[in-house]
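When you get a sec, could you build the whole thing from the sequences and use the hints?
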Amino acid sequence: MAQEAVIRFEHVSKSFTSKKLNVNAVRNVSLEIQKGEIFGIIGFSGAGKSTLIRCMNLLERPTDGNVFFQGVNLCEVNNRQLREARQKMGMIFQQFNLLEQRNVWENICYPLEIAGVKKGERKARIKELLELVDLTEKAKAYPSQLSGGQKQRVAIARALATNPEVILCDEATSALDPITTKSILDLLKKINQTRGVTIVVITHEMKVAQQICDRVGVMNQGELVELGRVREIFLHPQSETAKKMILSGGGIQPMDLPQRCLRIAFDGFSSSEPVISQLTLYTGEMINILGANTEDVGGKAYGQMIIEKPRDPEALRKIESFLEERGIHYEEGGGDV
Numbered sequence: 008m009a010q011e012a013v014i015r016f017e018h019v020s021k022s023f024t025s026k027k028l029n030v031n032a033v034r035n036v037s038l039e040i041q042k043g044e045i046f047g048i049i050g051f052s053g054a055g056k057s058t059l060i061r062c063m064n065l066l067e068r069p070t071d072g073n074v075f076f077q078g079v080n081l082c083e084v085n086n087r088q089l090r091e092a093r094q095k096m097g098m099i100f101q102q103f104n105l106l107e108q109r110n111v112w113e114n115i116c117y118p119l120e121i122a123g124v125k126k127g128e129r130k131a132r133i134k135e136l137l138e139l140v141d142l143t144e145k146a147k148a149y150p151s152q153l154s155g156g157q158k159q160r161v162a163i164a165r166a167l168a169t170n171p172e173v174i175l176c177d178e179a180t181s182a183l184d185p186i187t188t189k190s191i192l193d194l195l196k197k198i199n200q201t202r203g204v205t206i207v208v209i210t211h212e213m214k215v216a217q218q219i220c221d222r223v224g225v226m227n228q229g230e231l232v233e234l235g236r237v238r239e240i241f242l243h244p245q246s247e248t249a250k251k252m253i254l255s256g257g258g259i260q261p262m263d264l265p266q267r268c269l270r271i272a273f274d275g276f277s278s279s280e281p282v283i284s285q286l287t288l289y290t291g292e293m294i295n296i297l298g299a300n301t302e303d304v305g306g307k308a309y310g311q312m313i314i315e316k317p318r319d320p321e322a323l324r325k326i327e328s329f330l331e332e333r334g335i336h337y338e339e340g341g342g343d344v
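Per the working numbering, the very first residue in the sequence shown carries number 8; after that it's consecutive.
None of these hints come from the bench; they were simulated from the model. Take every hint as true, because none was put in to throw you off.
With a cut-off of at most 25 Å between alpha-carbon atoms, the simulated DSS-like pairs for lysine-lysine come out as follows:
no.	residue 1	residue 2
1	214	251
2	307	250
3	134	145
4	95	130
Nothing here was measured: the structure is a model prediction, and the numbers come from that model.
In structure tokens form, the structure reads like this:
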């Protein structure tokens, strides 16, 4: 991955003020998004994620700080230059935002019309995009005739219409079921790998970030509280927000945990090995599983499992020894996480 920042934030803040209320949605955020990567911004509802991504193309103008796109400070350009920059940044929304009175073909065509692309070029481009998102047979269908996943595929094709350098995805899979979510994430990953498009993903699900992102920034109350590669944050979360998000991804809330538990993280461990069964036999202890969200990806196990720690120190030592010998990451947790 080329170490070139396509988007750079310098001490960006965004506040919303009304007669009765002042909300600091984004607070002093500095970060760089490298060309060609898939970057995730994760956090719970109200963390400021959507405001942050809308600052990237100045749909929300920062109250303080600067936003650079391909080295140009967008906060200082004129309206024409800003429109040109926005044409290089496609955007995908949670609710699809398709034009209901236009069919699939016409929805994808819309940004090309605005950009003044000639009719012949538009036709070739739309055919190419319909094939990419596997909707060639739905070209004449209207949004009301499509499933949620199909609507999002149309939105992706529309976002790609003007050959953008970046795609901004604001909770693009939140309204979709798990199977459809995976297919959309696979499509975005394919676009990134085959076309070199930089993708920024906003999500409140750690699992989504794990499936697609190279790096993530963790937000809480408008602040960027952690930044790093997905694997490192998943295995070694430093912020309280990241810890809570990872645990909640395992189907259990941190406040529900007893004080004595272990979090076991699987990051490419062979899914054919019955780890918990072996652990039970090795220690002679019954293992109480409190929560888990592991899945098989290409014969490898990814995810986490939370187990209750035995009260016997010797049994705990055996569990830790077993996990260490097999290179399986674990860490202690509890109700205060």
